[in-house]
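The listed protein sequences derive, respectively, from chains X and U.
Residue 190 in the working numbering is what sits at position 190 of the first sequence, and the numbering runs on without skipping anything.
Residue 35 in the working numbering is what sits at position 35 of the second sequence, and the numbering runs on without skipping anything.
FYI, nobody ran anything at the bench for these hints, they're computed from the structure.
Certain hints may be false.
What the hints assert, rightly or not - Just the calculated beta-carbon pair ranges, DEER-fashion: (1) U/LEU295 <-> X/LEU20: 19 to 29 Å; (2) U/VAL330 <-> X/ASN44: 27 to 37 Å; (3) X/LEU11 <-> U/LEU295: 29 to 39 Å; (4) U/SER276 <-> X/THR10: 33 to 43 Å; (5) U/SER397 <-> X/THR10: 50 to 60 Å; (6) U/PRO331 <-> X/SER129: 20 to 30 Å; (7) U/SER381 <-> X/THR10: 44 to 54 Å; (8) U/LEU318 <-> X/LYS279: 45 to 55 Å; (9) X/LYS204 <-> U/ALA463: 51 to 61 Å.
C-beta atoms are modelled at their ideal positions from N, C-alpha and C, and glycine is treated no differently.
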Amino acid sequence: MNRKIVVAFTLIMLILLVFLNACTVSQEKYESKLDTQGGKYTDNYNKIISTLDNEEVYSYTLEASEATIINFDKKNQLMPSEMEPKEDSLWDRPYYQYEYTKIGKDYKAKIKYFETKKAEGGKPEYSDSQKKNSLYQDEKNIEYSYIAGIFTVKNSDGVIYTGLESEFNIEIEPPFSNIGYGDILRRLCNDINRSATTSITMRKWFSETVAVLVEYYVLEEELVNPYRNSAFATGYSEDLQFKWESIKGTMYQTYSYTSKKNKLTFFEFHKELYSSNKKESFVVWSNQNETKWQGNLTSKSSYTVNIKYPTSKSPIVFD
Amino acid sequence: MENVESLSTSVNPESVANKKYLKSRDYVTFTMAKFALSAVTGLTQGYLLIFYTAVLGISPVTVGLMFLIAKIFDGLNDPLMGVFIDKTRTRFGKMRPYLFFGSIPFGIITILLFLPINGLTAAGKIIYMYITYFSYGLIGTIVGVPMDGLPAVASPNNDERIKIISISRVVGSIAEESALVLYSVLIIFLEMKFVYMTMGIVIGVLAPIFILMGIFNVKERIPPTKVPPKITDGFKYLVKNKQFLSLILSLLLSFFRNLVSAASIYVVTYIYCNGSLNIFFALPGAVTSLISMLLAPKLRKKFDPKQIYIVCTIMHSLALILVFFVGMSVPWYITALLMAIAMFPVGLINVVPHFMAIDTLDYWEDKTGKRNEGITFAIISLRGKVSSAFKDFVLASLLAFFLFSTPLLSITSHAPPQLTFTQKGIFMIFTIIPALLNLVTIIPLLFFKLSGRRMVDIRARLAKKRQEEQDHLLTVEEKQV
Chain X
1 MNRKIVVAFT LIMLILLVFL NACTVSQEKY ESKLDTQGGK YTDNYNKIIS TLDNEEVYSY
61 TLEASEATII NFDKKNQLMP SEMEPKEDSL WDRPYYQYEY TKIGKDYKAK IKYFETKKAE
121 GGKPEYSDSQ KKNSLYQDEK NIEYSYIAGI FTVKNSDGVI YTGLESEFNI EIEPPFSNIG
181 YGDILRRLCN DINRSATTSI TMRKWFSETV AVLVEYYVLE EELVNPYRNS AFATGYSEDL
241 QFKWESIKGT MYQTYSYTSK KNKLTFFEFH KELYSSNKKE SFVVWSNQNE TKWQGNLTSK
301 SSYTVNIKYP TSKSPIVFD
Chain U
1 MENVESLSTS VNPESVANKK YLKSRDYVTF TMAKFALSAV TGLTQGYLLI FYTAVLGISP
61 VTVGLMFLIA KIFDGLNDPL MGVFIDKTRT RFGKMRPYLF FGSIPFGIIT ILLFLPINGL
121 TAAGKIIYMY ITYFSYGLIG TIVGVPMDGL PAVASPNNDE RIKIISISRV VGSIAEESAL
181 VLYSVLIIFL EMKFVYMTMG IVIGVLAPIF ILMGIFNVKE RIPPTKVPPK ITDGFKYLVK
241 NKQFLSLILS LLLSFFRNLV SAASIYVVTY IYCNGSLNIF FALPGAVTSL ISMLLAPKLR
301 KKFDPKQIYI VCTIMHSLAL ILVFFVGMSV PWYITALLMA IAMFPVGLIN VVPHFMAIDT
361 LDYWEDKTGK RNEGITFAII SLRGKVSSAF KDFVLASLLA FFLFSTPLLS ITSHAPPQLT
421 FTQKGIFMIF TIIPALLNLV TIIPLLFFKL SGRRMVDIRA RLAKKRQEEQ DHLLTVEEKQ
481 V
């Protein structure tokens with residue numbers, strides 16, 4: 001009899017535990033918590049960026065990579081595997097490295113750009129049949145500096161130009177951005193949209209603080225809409241769903257920064273675009289094709305920025 | 001199934017013990033059954049956590065908590081199953097009926113565990129996870145406990161019993177790596193979720209076939225003579241035998257070491273971005289550890305098991321620390337090579353506790369006159385399950401701490417990028433975290449005093465006592481004649 005009581009009690013406890021674990025907070029509470037956390041995230045980030053504003057000497061390295069399926073049919077919303085004839089997805093994967101050094105009012109930047117080799121018709125070339133490893137052209141590099149009031153540009157051939165301040169737009173768009181931290185880092189911070197946020201987490205790891213923020217946007221016909229404001233997104237958190245047949249796609253963005261003693265030391269940004277597309281599949285019991293709408297990854301980009309400050313053992317100098 | 005063969009009491013016991021009962025097909029089919037069971041174990045222990053987190057998108061904390069509860073529940077199941085088996089009386093035996101009726105559900109639940117279910121809410125996924133995993137634990141016990149007990153009753157010939165147990169254990173160890181081989185091949189051609197689904201289907205379909213083949217051939221020829229020990233008696237014994245208690249505490253803490261093998265799939269997937277490399281990380285380590293296991297008997301003759309355990313634990317930790325400082329930016333084959341070297345002492349670390357357990361048995365027999373093998377190895381087995389529970393819980397908690405990103409199921413094949421902080425965290429879980437935490441297993445062993453001169457004296461006293469008992473027995477027999 002005792003054994004039966006123990007077994008029954010254990011089963012009841014197990015069922016209770018299952019349901020306790022499966023319970024989720026309401027959408028209102030979830031969004032309210034995110035709004036509060038979002039405030040802490042941006043306040044902390046702005047404080048750290050302000051500290052960087054006052055730094056006279058620092059350097060950073062930015063690693064950036066992009067990848068796009070160039071043969072995705074945007075007009076008909078078809079993945080290459082659904083086209084006639086079927087094709088493999090052709091990923092174009094350029095990447096670049098950017099090194100920036102600031103000493104007082106002087107600065108120097110070096111950019112190395114790696115463009116993929118292209119065959120006829122602009123198709124990227126690969127070293128393997130599965131098209132996982134892209135082939136690259138010779139690296140292109142450019143250096144520019146502003147030292148003692150003189151702005152110079154040095155191109156891949158080693159030729160140095162001066163007097164190009166008006167022609168060489170220092171604030172140009174990627175891939176050749178002069179990101180005096182202000183450009184990408186501030187712009188990305190200002191672009192954070194509470195209505196698009198799905199999670200914010202901050203972690204203490206020894207003397208560092210790591211913060212992460214995740215966003216989802218819905219790409220409607222003429223609009224990039226935070227998911228909370230979109231009529232084509234339902235649910236929240238892990239239950240977030242999209243009405244693929246009515247949208248162009250969704251965009252996933254995640255920002256993460258690391259600070260140590262209130263100084264920004266690392267920044268990371270990832271963006272992924274999941275394009276809405278249709279897939280035909282044959283349904284056995286109805287003996288006809290069925291169109292299913294889904295979202296697949298068609299492009300992504302990543303930026304990581306490592307920031308260094310001078311120390312007595314490792315001073316920062318122009319090389 | 002054929003009936004249990006009964007032995008006439010008028011048959012000469014010596015001729016019964018020497019007769020050959022098992023044919024080659026008995027060894028082969030039972031080994032295949034054991035292979036099947038171990039393949040399922042290898043699949044679930046190696047890949048279920050990453051399936052739940054990276055395919056189903058369930059948060060690591062939720063998964064870890066489920067594992068902890070389920071495995072503790074599972075550890076308590078086994079003695080209950082032992083009682084059910086003991087009370088079973090059928091013409092087919094005590095164990096074979098459970099294997100017969102449990103094999104097909106076992107295969108079905110294996111398939112269900114790895115189904116990439118779609119369309120469920122977050123709560124629905126968690127409920128599905130709990131139901132399938134607890135069912136797996138229950139059915140696994142229904143099949144596993146009798147499977148472990150079947151060799152002991154398959155033949156009255158002790159040599160045959162030892163042979164079938166040894167062969168099936170070696171094959172079982174190899175079978176646990178079968179999922180690794182399958183994964184490394186399938187990931188080249190399929191998406192992650194379909195890889196796990198395929199592995200579940202292949203192993204889930206073959207397992208019942210192999211199990212049924214085994215039980216149709218291997219008969220139960222003798223009833224088990226020993227009553228399984230009660231777990232409560234085991235805990236009482238632990239409190240009294242302090243040497244055994246210090247050994248068990250040390251073994252309980254050894255789950256930190258198992259983080260290395262558990263984290264390997266995350267390392268190859270999210271740091272080296274190539275799941276098929278898993279075989280190059282796991283297999284060489286398994287080989288080097290097997291080689292060191294073979295050295296155990298020779299080293300045992302020269303050194304105390306405690307010394308061997310402590311030195312090997314420190315060596316293993318130092319090697320992992322080296323891998324950590326070499327870093328994750330080096331080519332993958334350098335990390336794999338260093339890990340193979342780091343795993344060499346693990347074979348010895350896994351084997352010598354059994355020598356120490358036997359020392360505690362000798363110590364207790366010397367002290368009290370009683371020898372408690374049943375309780376000792378039942379507690380060691382329970383410890384194994386509890387350690388496994390803690391390992392999965394700690395791994396899942398660490399993944400959550402390092403901000404592992406889980407996918408959104410509404411996006412096809414969603415694999416969100418893992419942050420640099422997460423990748424560094426995964427590498428730490430693979431190296432420095434187990435390296436440092438593993439050293440705590442040495443602390444309880446500082447209280448383990450069964451070594452050197454003391455054990456020599458204990459064994460000498462026991463040998464003398466056994467000789468006196470044997471002499472007394474011979475004298476009694478001579479008088480009877």
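Could you tell me which of the hints above the structure violates, numbers in ascending order?
The structure breaks hints 1, 3, 5, 7; every other hint is satisfied.
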